[in-house]
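Chemist: Below, each chain spelled out in residue letters.
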Amino acid sequence: MNLDVDLRAREDVPAWLAYGTPIFTVVAALLVGGVALVALGVDPLAAYEHMFVNTATTEFGIVQTLIRSVPLVLAGLAVYVPLKAGLWNIGAQGQLYMGAVAGTWIGVNVGLPLPVLIPLLLVGAGVLGAVWGGIPGYLRAKYGVNEIIVTLMMSFVGVQLTSYLVRGPMRGGEGNFPVSALLPSEATLPTIFGSLHAGIFVAALGAIAIYLLFDRLRLGYEITYVGANPDAAEQSGMNTFRIYVFVLALGGVLAGLAGAIEIAGVQGRLRPDFSPGYGFTAIPIALLGRNGVPQVTLAGVFFALLEVGGSSMEIAFNVPAALIDVIQALIILFLITAEFFKRYRVSIEIQRGQRAGQAAEEGA
Amino acid sequence: MGESDPILEMRGVTKTFPGVVANDDISFSVNRGEIHGLLGENGAGKSTLMKVLYGLYSADDGEILLNGEPLALESPQDAIEAGIGMVHQHFKLIPRLSVVENVILGYREPAEAVAEVGGSGPLGSLVGGLASRFSFGTEGPAKRVRALAGEYGLDIDPTAKVWELDIGQQQRVEILKALYRDVDLLILDEPTAVLTPNEARQMFQTLRRLVDQGLTIIFITHKLSEVTEITDRVTVLRDGVRVDTVETDAYSQSELAELMVGREVLFSVAKDAVPVGEEVLAVQGLRARSDRNVEAVTGIDLTVRAGEIVGVAGVSGNGQRELAECLAGVRDPTAGHIAVNGTNLARAGPRAFVDQGVSYVPEDRHRYGCATSLNLTRNAISKEYRDETFGRRGLLDYRVADEYAETLVEEYDVRGVTDVAEITAGELSGGNLQKLILARELHRDPDLLVANQPTRGVDVGAIEFLRQAIIEQRSEGTGVLFFSEDLDEIFDVADRVLVMYEGEIVHETTPDEADRERIGLEMTGGDAATATGGGSP
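Residue numbers (my numbering), protein chains in the order written: chain Z, 1 to 364; chain Y, 1 to 537.
One thing to keep in mind: the hints can contain errors.
[What the hints assert, rightly or not] DSBU-like cross-link-like pairs, simulated, lysine-lysine; straight-line CA separation at most 35 Å:
1. Y:K161 x Y:K223
2. Z:K342 x Y:K271
3. Y:K92 x Y:K143
4. Y:K143 x Y:K271
5. Z:K342 x Y:K383
6. Y:K161 x Z:K142
7. Y:K271 x Y:K92
8. Y:K271 x Y:K223
9. Y:K143 x Y:K161
10. Y:K383 x Z:K142
11. Y:K223 x Y:K383
12. Z:K142 x Y:K92
13. Y:K161 x Y:K92
[Unchecked claim] To spell it out: a stretch of chain Y is covered by chain Z in this simulated footprint if at least three of its residues, at any positions, have a beta carbon under 8 Å from a beta carbon of chain Z; those stretches are:
14. 77-88
15. 203-212
16. 459-467
Think of the hints as simulated: they come from the structure by calculation, not from any bench. The beta carbon of each residue, even a glycine, is placed where N, CA and C say it ideally should be.
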């Protein structure tokens, strides 16, 4: 047998490939993840069935998935918006923490009735998130400082600052735990169905707003144009400085909202480790959904399902939940692989029989 | 052609892309030792045909015979091994590496010292094998490159880094790369597109020397003057079909143009006299620096009135780009005034210029003129999207925008467009993209149009259209500042001629009174002595 692999640059990307990429990526990641399951002695079909079907068909599973979706969708959008302008927001995690800090502080220290306090808390979270995202945006726009590095570094600063605050100035509650005081009921998001809290509306409104931004507004057009060619955008009279600051600040707002909602809707108090990496999971979400806002939203919900289903699989089959991290990582790897397949056409020819026989003879 | 000796024959080559037949049953042959032109408008299928020959594309149908033998090409590697080399329009060089290193890229060149290592016995050959596999030396190749350069009269230092070389020299490195691989047939894809006229002349001399040494050259171009100057025979393509192969001497430029475009081409465009109006642009004492922080515009005064085209002649690199960019607000001048309709806009930024009714066609249309990855609609509205017709208070209605883009595509004859929301600007050919850009800039009825080399790298049919469109706009009362290196073009289009040299306006005249020789001299900073020196062959 003779294996002949031929690589050719594609002349154009077929539509089925461009739009099918996210699906192929996920399927491929699950397939490889299945190998790990088999190695652990678990039937992968049963495990996946439990993970997806059980989670997506039970009331508990759906509610948990939706709760998880809220921070993931918002953080995903926080990466997606700057990406449209050609900028990488790697620091959604820090912006999320700063939003949580602002939200908690307002919730604990401002005494107002719920209909006023909740919006105020969210605005505060958005503002601090915007500052945290806006600083890298400003540095990028004004001095050309690489936003990947600054957003990432500020992310660490944000996380460590939170860690300090809950051990120092913002520490509350009984005992010596590094946590803030419990939010009063006026600062807690009301639940609408089971434990599903009203934060889901904020996430939905956020997604709709970002969709409209790119579909209906001049500003969205400018962001896209700057992302495609900043020089041409400048020449057309667009203000790239303003766009760069804006997209990262808006990313900060979205991530900040995610942080505050997670505290006011789920945690009830600020903890230094309240976010299991939402801000970083946001990056594959934005990449998986880079074709549009609905896709980002779907990707966010999918990752939520993956996490919720993963923990439930952990219990049911006694497999490590870290497998979910593996599947997430595989999705990123396959996404990069897909970029390669978008650029190259691979044809594999397997020659058998006569020709292979000839080759063998020649070899001998 | 009984005595002809074809080195290459292409028979019935067909290549289709989704929706387009790029090459439709093309057959032609190239004789040994000739310079064979491949002439056609942008999008006629020249580059596709040559990419098939170079193994970059595989043809759907047809065959290629080299020296009478059928050739199966899977990759450029196969083509090079068969003796076919190609110099691409955009060079494939690594600037940080030296000339030699670029030439031997992809080859295993053991260091000279280890060539003698080895000797007899299994151990000796093992050592020798390892040494030649893992050592690397440029001494041997450098010698060979120097010898080749000498043989073919390519003046180049093999140890120089590529980034230190000018464009003409870089092109010679590309040619050397092919020669080093012992090719017999060299394909040049629009080699003059990136060269100044002077560099082009030098390259033509090089090509003649290559042919004298026994090489055969295929020269892709859409410039008629080059065809008549350099080629022996020429094959004309139009819309993916071979129109004819002719002896170059037997045809005039206008006959060739007719073959290429399929109709008679007007080289000079008719112009009605239009009364000039108010001053739309007044520049005083303008100075500006280039990207390399060298003063490129050194004190310029000029005016443009409504309804006139002011042509700025000059060899590119004499500050035209910087001047044009200042007048579009993209570059901030270091001193001086730019008054548009009486308002001083120096250092006001591009937006102020756009709002004052200044339109701008940049010289590099891919880099500054459009966003190649976005669709035609988004590119068509990039100057006008703030207009209320597209939506009030920050809204933007893409349905109206699509209609607007369709209007531009139709009125300005942008070809190859099925759906303005689907096709991206990068998918348009050079001429069609330039039509779209000009459409965008003119449809808004500007007071002033600054056009920097709008017809460069564009095929003949589109050039005619672009010039006509600019002249019509001028007759509607737009003042135009038109930069070009092509004197014929300046004389055809302009009402008034300025000559720019080393950042200054050195001469002013009108097309009727102009003395072409004088302008040629002023453009090159020459005086009588250098003129006679340069004139002798």
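Chemist: Identify every previously stated hint that the structure contradicts and give their numbers, smallest first.
Modeler: Checked against the structure, the hints that fail are numbers 2, 4, 7, 14, 15 and 16, while the rest are satisfied.
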